[in-house]
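Student: Protein chains in written order, with our numbering: chain A, 1 to 495; chain B, 1001 to 1504.
Possibly wrong hints are sitting among the right ones.
[As the list claims (entries may be wrong)] Per the computed footprint, the stretches of chain A lying under chain B, defined by three or more beta-carbons under 8 Å from a beta-carbon of chain B, are:
hint	segment
1	27 to 37
2	59 to 66
3	313 to 322
Don't read these hints as lab results, they were simulated from the structure. Cβ atoms here follow ideal geometry from the backbone N, Cα and C, with glycine treated the same way.
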Amino acid sequence: MRKKVLCVCIVLLLVGIYYACQRQDYDAPEKLFLKKLLAIETAVPPIWPGFSSAKAPLILRFGEEGALLVGLKPKAVCGFHPVKEFFPDISKAPKNSFFKPGFFEPWLQTFNIESYKSCAGEVHFSNYNLLQGALCSDVLFHEYFHSYQKCNFKWHYGRQLFPSEFSPEQAAVAYIEQILLSKALRSTGQDWKYYARAFNALRLYRKSLPDPYSFNQVEDALEAIEGTALYFESRTRDFDMETPSVIQSNRKKGIFPTQADLHISGQLLMTEFVPGIMMYWRQYNTGAAQGLLMDRVGIDWKIGVQNGKSIFSFFSKAFSVLKAEQSKLVDAVKSEYDYKTLVSVANKTMFPRKIPFIGNDYSGRIIIQICGNLSVELKHHPRVSKVYRFKDGSMAEPFQNLKIKQKNVFNLDINRFGALADLKKNSLGKKCRRLEISLLFPLSRFSIDKTNCTQTSTGFICKDLAFYGPDSSSHFYVPLKLTEGEKTLTLEVLP
Amino acid sequence: MKIIARLISLIFIFICFHITFVHAAYKMPPKVKSLIDNLLLLENKDTIWSGYNPLAKPVALHVKGVGSYLVGAKTAPKDCFQVEGFSRPVYFFRNKAADNIRSDFSAFYHTAEAGNVFLYNYNTRDLLRAELLIVHETFHLFQHSVFKNASSHSSPLHKGKSFLSEYKYGFQLIWEWWKQFSFFEKVNTPLKLDINDISIAYVENKLLAQALLDKKNYKTLVGEFVRVRNYRRKKLSSRLLEYELKQEKVEGTAEYVCWKSLAEHFSPIIAENFHAGVLLSPQFLTPGIRYYSPGAVQGFLLDRLGVQWKIRVQNGEDIFSVMRESFPPDKNTRDVNTLLRELYSNWVKKALTVQVQLLEAKKERAMIRIKKYSDWRLVFYRNFECKGYSTTCYDEQIDLGDGNYYQENCHNELQCEGFNLSIDKPIIDNARKITILLGNQPRFKISIDDVKLSSVPITATFKKLYLKTEGITLNMSLKGSITINGKTISVKPFGKVSFEKRKR
């Protein structure tokens, strides 16, 4: 009998061991995030000097499990507690790391990290569940770097309306530049420096070409904003794979091409010769590539870029070419990469981009009804001066960037292309207005914080309200009535 | 007098409509004209792939709000205008129904005016991408009729240009990859992801990329590719090998044809650079798409050497077997050990491992979350076909293993004939129904047949339904029923509504 019991126990034990071995324990995502953030903050040399959660406080929600707060000491009422209380096996975490268990209200679905007024203070906010992973881009850390830029970069953060046209010569040269940067990234020995200098010569040449659509200006801005974010993302991805000491020792050895070099090199080659990509997405990779190449020669470029200088201004000095040499290099690469054919291809493919509001319709509209004096600042795009006539009969003036303010009442900031109609509305004998803001994206892209709202039969009555969306945010500090339609969001500030 | 006035206004309206319609037809956007010119050139070109004609089936290039330009039709469609200036008739018709199509294309799209066409949604997209997509997809139609043993395993992925499209594209990549990793384990055709295999395949990719970009030494580099691939394939399971052979044949050749046509119409340098870039970027190692570029690039390299390979592949041979025969390793070829030592990336192997762990951890959490979920749900039965279905996810969806997929962080939009549904809440999705997780105390706005109700009825039928709560808007003008049971609300459209069939 005893033997049988012993046998059964052994069998059960073996089965238990088998299942225990089959089951893998995974680190909680909260821990993975904190570990990576700490590694970035303490990296020597720093990935980006000055970057720390303290300079870009963040609330990161992990589904219904809870939310992390980093970079800010919360007010007691918020329910955040030091992370060690929840994750005792974390040996080290970034200073001011807190956790609040349970569902974090409100349900914001933004994937852009917008400035958000939480009970803990002014922070950025994101869901952890952004597409991420080692092989794909790490969207979370890319966006997190943008939130750092918002507060710490002199460059204006925002999605500018990129030029609608591009001269075929500019396009052809810009394409050859990509090939040269890509070659420099994957070359070793002295070759890579040759390609870096050839790139420099070619870009200087392009900058001397007529630039009727202000592409050069947009290129500098995009390389400084998106190029550095991609650079940061590429560099920090190493922390998913290696320990900080291994990364440091690899960097000291100066072995290249690194995996980040190869990745960006590939992306540069893949940059399609079409207007949308060449005028916008291309600059992600050209900016990051210049950063990676300057790291090889130990140039201190980051603080300068943060302070408003272009990446290329540093690159150009780091890989300088003599005037006499410049034209030779330009002629050589133009001939090697079939410049003439590229110009003729550009003539066929670089059609002017279609003007927004296809079918004379907007995707979403915000209507604000308000009385009193407002400050309305709208920046027009240099070449868009027409008035839009929408199919519902309304008209509006296009803008590239819109800021509207009324002190202690509300502010609204949209860093995207849109259209505004500022209509007079006389009621109660006061100077009242109806502002119609037409958008190129649907209202579903907004996250509306209705924490202080009560639902009524006709909408919501809110004590205050905030909403966040793609490069846009708005805060109302006074009571208002909110009505949500299919394509319109009406906000009526109550007297 | 009144009658005459009415008649005059009717005639006036008709003339206005006619003028606008004709004007739209004649004011053809230049990119539409260029695309049609290129498709017509391909029609008579046998150099890209003998027998393939992108216009074997009529292609409708649709511009939202304007209309469709039809090319390749044997007869003129109803209510159309012929657009002059082409070597073959090109017709313009309004095709209003296609304004609601959100997908890039539909290979089998039924129009009232022109019957079954290949519909391409042109909108703001660029000429090159349009040509690539149309040629790639119409080549699949050609493969199905001509290739021996060819059927596609997965639908091709296409990247848009907006930031959201990038997300969506990225999501699709990871999703395809994730499917390969574990989902096949639970159905009849298990395919096990092999991280070692993918890591060695990345060495092959690097060699192919180098060969493509180095016209002087390409033969040696391809010989090295052949060596590494022979080495890897010896270790590959028969199922994965079978999958690889088929994918390279089906997707690789379709990718070859579309980029070859682009190289001929524009410039070979763009096509070669693009594929070299894909091969160097580890993000394209995701199994669903990792065979596209290697397949296409082997075709480019065989062309460079002047090998007649296409008819052999069409008749059932593997592209790589032609490569092996055409690029025997020479005395300059490095051996496998040297190649692995110089080109193998530990980083990529670790990255693959980390990604598996990350996805497993997410899946584990999702399972726990769903098991304990006891709040309100809205169940929407999918008794319909809907072309206007779009999903934008900020994270990958999780397969729950029973035909259900959990999407925690997605925006879903169904814009179909008879109803619109917009969802910004976590959902459990399957072929029969969408279960929307509403949270603890959802507040509903509801009206049935235009009558506002104070709460959701226990059971009711409707001709029209409007239901709104935080994160959900449902607008239906179809017959159906709504019921509430505990905390579950069910909405069922009546019968099996197939809009495709109904239109016919």
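Student: Against this structure, judge whether each hint is valid.
Tutor: Cross-check of the supplied hints:
1. 27 to 37: holds (count 4)
2. 59 to 66: Check passed, 3 qualifying residues.
3. 313 to 322: Result for this restraint: violated, n = 0.
In this structure, the one hint that does not hold is number 3.
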